[in-house]
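*Asks:* Listed below, chain by chain, are the residues.
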Amino acid sequence: MSTGDDRLTNDRAAVPSSPPPAIELHGISKSFGPVQANQNVSMTIAAGDIHGIVGENGAGKSTLMSILYGFYEADQGEIRVAGQSVNIASPDKAIAAGIGMVHQHFMLVDTFTVLENVMMGAESGVLLSGSITAARSELKRLEAEYDLYVDPKAVIEDLPVGELQRVEILKALYRGAKVLILDEPTGVLTPQETEQLFRILKALKAQGGTVILITHKLREIMAITDTVTVMRHGKVVASKTTAETSEAELAELMVGRKIRAELQRTEVAAGAVALRVGHLTVRDAYQVPRVDDVSFEIRAHEIVGVAGVSGNGQSELLEALSGILPVDDGLFEIGGRRITPNAPCDPAQLRALHLAHVPEDRQRLGMVGEFSARESAILGYHNDPLYQAGFMFNQVAIKAKCADLMTQFDVRPPLPEALSANLSGGNQQKLILARELNRAPDVLLVGQPTRGVDIGAIEFIHRQLIELRDRGCAILLVSVELEEIMALSDRILVMFEGRIVAELPAADADERSLGLLMANAAPVETAH
Amino acid sequence: MEDAFVFAVLTANATVRVATPLILCAMAGLFSERSGIIDIGLEGKMLGAAFIAASVAAVTGSVWLALAAGVALAVCLALLHGFACITHNGNHVVSGVAINILVSGLTVVLGIAWFQRGGQTPGVGPEARFMPLELPLASALADVPLLGTLYSGFLSGHNLLVYTAFFAVFATWWVIYRTRFGLRLRAVGENPHAVDTAGISVAWLRYRAVMICGLLTGIAGTYLAIAQNAGFVRDMSAGQGYIALAAMIFGKWRPVPALGACLMFGLLDAVAIRLQGVVVPGLGEVPVQLIQALPYILTVVLLAGFIGKAVAPKAIGVPYVKEA
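Heads up: the sequence lines are chains A and B, in that order. In terms of this note's numbering, the first sequence opens at residue 1 and continues consecutively. In terms of this note's numbering, the second sequence opens at residue 1 and continues consecutively.
Next comes chain B alone, as it looks inside the complex (with noise of 0.2 Å):
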């Protein structure tokens, strides 16, 4: 029973580490596409902040410096990608993949310039980190069974940005859903005919939207970078923007599902790696890269049968342009 439970505790932890970037990115996914703008760039915007991130952590030593470097670089990604589809009327998927292939030629090609370690960045140490916070009586309440071992165990000892991340998932649903840009965030994406005919500027809003994408993913990459892991290693981000993407759509562009999408793509990685190795009775040890795939193959068959309709903003994709 103890040991059940400590297993539950290990693994909730695991996932909620490795679902820390994917919630990031399906918030940011979330602005971005509530305004009407599709975003296939998370992955692209969040590998470079990642990459920028490790590079100022390496050089200077410093997270907050890490930090908004790589929230200055995704935010800067997003604006390109405004720039291109509100401004121009581009075309966004295309916009968003051409980002995400420029990252990740970039990120590698600036690694090898600057550091001469095949596009690694040199890794960190704690201090330039974001390392494990603990809750206030942490280590006094760990011994009360049950509870105590939920607060220390589970809840205390994770990284700021990991409490960033459900923080987020809670901004993102008041700010959506309680605040006037909310509304105006939610008309947009739907009938951007109308928020312009009541006085509002369409290109405005979803600018403030895409940069609120930025935001959230530069956070997302500089998680990956010098939270997860202490440095950057090429193409990091291996696939979890379009999972993000995948969790938001699977949420219905709405925060709380989205969040347990995410949650749930977190378990599945997070018992693959405690799969590996294990013989399964009839089956046999389980191929490694079977697990690895899980997530992948689980995006594919979630999206295709059971998410039921998908309802996507009205006007999502299509380029604002004024006729009377």
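Here chain A stands alone, though its shape is the one from the complex (with noise of 0.2 Å):
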């Protein structure tokens, strides 16, 4: 095999027209202490390709690309960058070896202008004076031959998230980058973002630049990379050209089995009104409006999905109808109570009145990472006399009622005494939503409840969420994932700056026009 491999280079070096690969890696292995993150990973991306990498969430991805960026060092493994051998201990050296990343979280620094970001750490010399001039004609060179403005004086707090990526892309270029890292790029973009974006990655292959696209979404595989490779549990299970595979094809590899793309539903008529919503306006510290002025109802039997880029109100709707932010105008109606400014509702007040919230930060307000499963398995209905022994906690209940609800929900590893930290995101989402569903609740009110999750366990929530609407539950879906809110949904509702700005029958609905309301570049057009 090995005798085979070294063939192969010799013939290649033989042949000067070929290129070398513009990255090559051999068996990078990488631990965190018991956690093996990479293991063995090796493969090869052409210079001038736009290579994909996908996985599950914890296949090791993004471990990876931090290697490769110098964040990190492999254990094991050799990185060959245009055919040389390199060391790649920190972020420095990769920049030197022309690499470029642009990570999930941005890295900039708020209060810098554009300009004082894409110089920072490349600055020409000692004073700002010099650089200033320079990154100025370096920026409009790039604009000019990527198609990439944004104006360099503009304040990063102040710009859009669209915008914020750009200034990451050219960062990474202002530093002669060759090979640029993508993680997970869309993440946070509306489509039209997404094709901007499109647009200027296949700029920088024009333009003989090689870009490494790292992403969960296969859709987005499929429409841009060259090549793709597919990692699972650290280790690489497959590497394809992009236009002799599959979408499903993909997704297998990445499970590991089949899965199903279309939910089954049946069609349910919609029952009572069971939440009603009436001008609720939300204001915030500085007394502006987060949610203005939304009027809607949900029935049971009945989901409905409310759409927009995250920021636009759709976190203060929630929290406030859980009753964890005060009403500041309007009202909502549940189970025969009217909450209004004057008559606020405590979370444990709407909790006894049948509505159950799955948090949209499952670790900030679902659980407590420090406690064990069985203890968050309980908050919230931790006072139930049931799990009360006197003035004590009747543990035997409280762990065989957690581990009653992990079978249910497949929570692994079934431990009702794992540190609630310990489980991966997947799992804290089941145990979550085991815990609210258990109350067989009259509304549910649900922000990303497949956030951070792995292919696997977004099916098995859809379906428990599906069930639940089939039994009468009345639902209100939060996300930023249009796929969930479409595949989900009876209804959408689009929010774009606390308001609603359109609501239509699930039906029809489809991503380009979802798109297009959340940016509030259509007319607004409301089914009422």
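A few of these clues could be false.
[Claimed, not checked] Examples of chain B residues toward chain A, derived with CB under 8 Å:
1) L183
2) A187
3) E190
4) N191
5) H193
6) A194
7) D196
8) G199
9) K314
10) K322
Derived by calculation from the structure, the hints in this document are not laboratory data. By construction, the Cβ of each residue, glycine as well, lies at the ideal position given by its N, Cα and C atoms.
Please assemble the complex out of the two chains, which come individually in their own frames, going by the hints.
*Replies:* Written out as structure tokens, the structure reads:
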């Protein structure tokens, strides 16, 4: 095997016209304590390709790229850049080797201007004046070459997410990156911004650049990449030419088994109104309305999805309806009770009205990381007589309950003693869902149910939500994943800047029209 | 009119003398905090430097050796703080308070052991102190009305460290806003992850910042011991490190506004001294204690109410831990 490889390399070296691959990884391994994040990973990325790396959460994609960018050092293995073996011990080595990275969480200084962010770390001299001039003209050049414009004087905290990403790309290009790594670049973008990003990536490719795209969105892989590597459990399971594979095949490789692409859902007539929201307004600490005069109803047997770019009031809507934020104006009605600014209701009282809430930010609002799983499994219901034993908790009952929930919802490992923080994202979410669904709520508020959750668990969670709806629960679903909204909802509301700008039956929605509505680029058209 | 002018010049002189250690410490704190390291230990570093400077001056009679020793000790203490906070991700406030307590006790213990004067160092003569400098032509111009008085009475006649303090404000501004180091320093206090991914060492940047902080507090301590006074007295810094920290926050982590805040505290102190024994109509004689407490009361009031939204560097006090 190795001799064959050697011969291949020699053959290639003998042909002068074929350039060496942009990046070669050979046998990269990395472990964090007992966790083996990467195991003997090898891949070759040809110069001028857009190469996709797909895999579930925790498959080791980000770790691998962090190693390539010098953020972590591999325990074993070799990295070759343009045929040369290099030791990338820190990001400055990676930058020197022509590798740039756009991180999932932007690495920008919020109070700085675009120009300052771009030149930081790549200044031309000890004094700033020279660097500023140099950076300004270089930005002009990059703008012309890649059609990448951002106002150099704009301050980062005032810019929308799509532009921040362009700043990150500019940062990498300014440092002379020939290989650009993008880690989940489209997670926070609207469909239009995503298209724009893809145009930029194609321009990069046209200029001879190499792009590595980490994502879990298979549609994007199919749309833009030339080649794709699938990772699972820290290992490479397949490398394919994109044109010769399909979404279904990649999905199967990612999870290691067939998954159902379409959700089975039965048509059930909607029942009585379970949650009515009337002219609800929620303001933040600066009196800016985050939820602005919002009205809608949800009936039993109905899932209403709220689509929107994150930060347009969806979080505040969920938190107000669950009693976490006070109502500033308007009202909502649940279980025959009216909640108004003068008649507030706390989360415990709402829970007694058969409202359940699966919060968007599970680590902050859904559970306590330092608690054991069994403690997290009763949070919010801990005053239930079932769990009491005089002044103390009835630990036996709690443990039994938790074990029961864990089996029902397939939480792994099924150990009530496990520390909540040590469960993976998907298992944390399943535990929280198990807790909230256990009381057969009349109304369920659920935010980003599958954020950071792997495909297997996504499918399970979606099935649970559909079943709950079929049993008569009214569900308000907030998600930034349009596919999820469209797959689960009966009706879709679109939020923009705190208002509901559109309401439409799920059957009439497609990604493009929703995207336009989310960016408020289409005329407002409501069903009512 | 002439009297009022002379009074103003005298008060301004007193203000500057009192404000000098505040200014140096505020600039010191600014470097540290802009890099993301909270420095509640300005007080301790200044006190330690004062003690060592006074001791060295008393033993050797050299102001320069005294200054060097004061700065060296303050830099060592700053590095200790850095070791705890940067290398070991310790809590910045705990480390700073520990340094303050350590120095407060250690100076007295060492003072008693070395000089047997109940914790004080022997007084030093003019040759071992920073004495007022006369600027060129100061005496010749002294008789020119207004401008001459201003020049010879106010601008001239301070010691070297006072001029150093004012120069330090300009230098701080220039370094922070006009140099590569300053850009990176401001960045590391806001988002160390951005600095790290830009290929710059977060730890080395922060160590340099705390060393500059040590340098400036060292000069402040030396000023207290052998420029403003002529020897070390236990706890002679008397909370000025904290006031400087307050002034820096009041100035929203910016050099020139911080200078303004320091001068305001200095002025208050200078006026307080002049107000002693003065009978205020309707109130009678103002108690000395109240006057002396004024700067501290004002600190609390200003910080609680008038500062507006103080936007601290975002990453301040947060240990930098790599995460992908």
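*Asks:* Compare the structure with each hint and give your call.
*Replies:* Hints, verified against the model:
Proximity of L183 of chain B to chain A holds as hinted, the smallest CB-CB distance being about 6 Å (cut-off 8 Å). For A187 of chain B, the interface hint holds, since its Cβ comes within 8 Å of a Cβ in chain A; the closest pair sits about 5 Å apart. Hint on E190 of chain B holds. Least Cβ distance to chain A is approximately 5 Å, under the 8 Å limit. Because the closest C-beta pair between N191 of chain B and chain A is about 5 Å apart, less than 8 Å, the hint holds.
Checking H193 of chain B against chain A by beta carbon gives a least distance of about 5 Å; that is within 8 Å, so the hint holds. For A194 of chain B, the interface hint holds, since its Cβ comes within 8 Å of a Cβ in chain A; the closest pair sits about 4 Å apart. Contact between D196 of chain B and chain A, as hinted, is supported at the beta carbon level, the nearest pair being about 7 Å apart and thus within 8 Å. Taking 8 Å as the C-beta cut-off, the interface hint given for G199 of chain B holds, the closest approach to chain A being about 3 Å.
Given hint, K314 of chain B at the interface with chain A, holds; its Cβ is 7 Å from that chain's nearest Cβ, closer than 8 Å. Interface hint at K322 of chain B: satisfied, since its Cβ lies 7 Å from the closest Cβ of chain A, which is below the 8 Å cut-off.
Checked against the numbered hints above, the structure breaks none of them.
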